[in-house]
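Novice: In case you want the letters, here they are:
Protein chains: 2
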Amino acid sequence: MLGNFSYHNPTKLYFGENSLEYLKDELKNYGKNVLLVYGGGSIKKSGLYDDIVTILKDCGKNIAEIAGVMPNPTVEKLNEGVEIARKNKSDFILAVGGGSVCDYSKALSVSIHCNDDPWQKYYIRFEEPECEIVPVGCVLTMAGTGSEMNGGAVITNHESKLKIGHVFGDDVMPKFSILNPKYTMTLPKYQMIAGIYDIFNHICEQYFSGEDDNTSDYISEGLMRSLIHSSGIAVNDPQNYEARSNIMWTATWALNTLVAKGKSTDWMVHMLGQAVGAYTDATHGMTLAAVSLPYYRHIMPYGIKKFARFAVEVWGISKDGKSCEQLANEGLLAMEKWMKEIGLVMNITDLGVTSDMIEGIADATLILGGGYKVLNREEIIGILKSSM
Amino acid sequence: MLGNFSYHNPTKLYFGENSLEYLKDELKNYGKNVLLVYGGGSIKKSGLYDDIVTILKDCGKNIAEIAGVMPNPTVEKLNEGVEIARKNKSDFILAVGGGSVCDYSKALSVSIHCNDDPWQKYYIRFEEPECEIVPVGCVLTMAGTGSEMNGGAVITNHESKLKIGHVFGDDVMPKFSILNPKYTMTLPKYQMIAGIYDIFNHICEQYFSGEDDNTSDYISEGLMRSLIHSSGIAVNDPQNYEARSNIMWTATWALNTLVAKGKSTDWMVHMLGQAVGAYTDATHGMTLAAVSLPYYRHIMPYGIKKFARFAVEVWGISKDGKSCEQLANEGLLAMEKWMKEIGLVMNITDLGVTSDMIEGIADATLILGGGYKVLNREEIIGILKSSM
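Protein chains in written order, with the working numbering: chain A, 1 to 388; chain B, 1 to 388.
Calculated directly from the structure, the hints in this document are not laboratory data. Don't take each hint at face value.
Note that identical chains are pooled: a pair holds if it fits in a single copy or bridges any two copies.
[To be verified] Below, simulated EDC-like cross-link-like pairs (lysine to aspartate or glutamate); rule was C-alpha separation at most 20 angstroms, straight line:
#1 Lys182 x Asp213
#2 Lys261 x Glu17
#3 Lys12 x Asp171
#4 Lys61 x Asp91
#5 Lys305 x Glu242
#6 Lys385 x Glu359
#7 Lys12 x Asp170
#8 Lys28 x Asp171
#9 Lys261 x Glu242
#10 Lys261 x Glu21
#11 Lys24 x Asp50
#12 Lys189 x Asp350
#13 Lys24 x Asp58
#14 Lys261 x Asp212
Bound conformation, chain A alone (with noise of 0.2 angstroms):
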């Protein structure tokens, strides 16, 4: 059933390979002091940064940046960020990048007035932010996160080893966010991929949590099928424009409250894979696919009727007189399928994790309420054990 919700979305987005277009016409309803943040340079290869620097010019903004924005954006600089926002008075961020670089944007955005510290206040007491925010717009260049339309950012502390997400309101959601599809055919395959299953599990977390059949489930099978079939093409042709317009747009819709609206959610394969992430600093979305079907394979007898429908409507696995079991078994086998021929990192020791972390590993997996089964550590040794 359908449960109480608010529903409310402000983020602008300007979808296509015109969508530049349009940053012109945006940045007129922002601050003079622009902060540019980006990641490890491959703007300045492809243009992009020449391009969006001579827009900024254009537009009369003074321009002050952060670079070397990492995969999985730290604490420190996060730090270092607000230290430089301050200095230049920065009333407006401009995150040009994938999800790290919107991520640690919606992050500093909520820092740079803060006088508290924001690891503490915002990673450890997960509490909201009283003060002033900076906007921020994005110009996106991977698909993947859903960053672009949500108010997620995750911050990553090497220290106490622990990545964490903090799903912050609709004032910190990015202003704006242009999609060009062409932005993300420059990105090394591997990084494709990993894009491609982390919108696929963003839209699992959601599906697989209670038992209800409504409108959210079959939008998420929608947005799975989508999925499926345009990256079938994208691995084969990653210069599909087709295939990547539709994986960039199903990445925006997969994780932008939208098919979470009702229902319970689940959201432990990002818990695991994040500790993963923590301690091998791996590809987020490489982690998700490792440790993916232990995890599901683990929760299915808790679930059995939503894996079961999971293969036939998502799969099209026909259900002639299949029980219940068999038929959330070839989900699961059909999902494995489609994950091997993409080339997605199946197991944790490819990713760098070794048996001596194991505890660690699960000491930093946040247990939340589960879609189907709250986890015990035991559990979580095991479903990473599973996943060597």
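Got chain A sorted already, so can you dock chain B onto it with the hints?
Specialist: Then chain B, alone, in the frame of chain A:
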């Protein structure tokens, strides 16, 4: 392929049995002179009128009223509303009712401060508003039109026998909408069923266009599957909250611009249905149902691949060795079976159309680009005759 587009939907939604609780908070953001708009008075029988007036008074609002908004709001009623709003210096419109009341309120919102004749400006010349737009909030009592989260506003001119919709932009969309499925449960079954088909056809109008295989089509298929599932439950058990809540949520997403993103659309069933409505004043959803199958059977050969996909993905018809044509036909037969099962009006004769009206209805039918085929007058007459 997903073309270039922008997406922005600022409407805030409150969904569920407790959603009216949020009205008080929302009212704080708007003016003191509230114009309360409603229909035939069913909200007085249900007690909703009293609940809302109490909340408005508690918030210290001045209340002016426009009652008796009819199922197909007329241009005379619009002009009458403009007078009342001006006299009362209304600075906020609260629409309490179904799609007609919401549509009417949006048309009013762009007419109150308009120095031109609203019908001529918005419905004949299709111009955009330059004047101040009075903000609108909705409390929805019927699921179907999607008017609660879009900029559409259909107005009927009986004198010139025209029923025309203008889809306005973001700034005309409701600021908030309160969606309580319980409010839809007092509707006569005929109205519930008409609403269900209105929802289904909204999706069809956006789905049956283009050969693309994009995310929007997959989301549309999910919405159609959800609606088919819930409508089967609701027609047998109209008090089933789960079914009614899923129908209500599906209605919102069927026509809030999402599933049209990046693709072309059709809307000819609405053009035909609205012309029938202008002549008969019949219930909107029933006019769509009565012309749909003759229209879709007529255009099927021009979009055969999509109609075959519709059969497989929406109706679960097995492909096994069937031709596109065979699958496409089976899909429309499955749709016809479902339409009859839920009790829709299947011909325009039952809606009061007589043969002497056909020529006039054809003349009143706005000819759009068409999803797969631009119709000519002869074809329109043919479709109308097949709908008798």
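Novice: Now, for every hint given, state plainly whether the structure supports it.
Specialist: Verification of the hints:
no., hint, verdict
1, Lys182 x Asp213, "between (37 angstroms within a copy, 19 angstroms between copies)"
2, Lys261 x Glu17, "between (31 angstroms within a copy, 14 angstroms between copies)"
3, Lys12 x Asp171, "both (13 angstroms within a copy, 13 angstroms between copies)"
4, Lys61 x Asp91, "within (11 angstroms within a copy, 37 angstroms between copies)"
5, Lys305 x Glu242, "between (34 angstroms within a copy, 18 angstroms between copies)"
6, Lys385 x Glu359, "within (10 angstroms within a copy, 75 angstroms between copies)"
7, Lys12 x Asp170, "both (12 angstroms within a copy, 11 angstroms between copies)"
8, Lys28 x Asp171, "both (19 angstroms within a copy, 18 angstroms between copies)"
9, Lys261 x Glu242, "between (28 angstroms within a copy, 14 angstroms between copies)"
10, Lys261 x Glu21, "between (33 angstroms within a copy, 18 angstroms between copies)"
11, Lys24 x Asp50, "within (14 angstroms within a copy, 49 angstroms between copies)"
12, Lys189 x Asp350, "within (17 angstroms within a copy, 59 angstroms between copies)"
13, Lys24 x Asp58, "within (8 angstroms within a copy, 45 angstroms between copies)"
14, Lys261 x Asp212, "within (12 angstroms within a copy, 28 angstroms between copies)"
Of the numbered hints stated above, none is contradicted by the structure.
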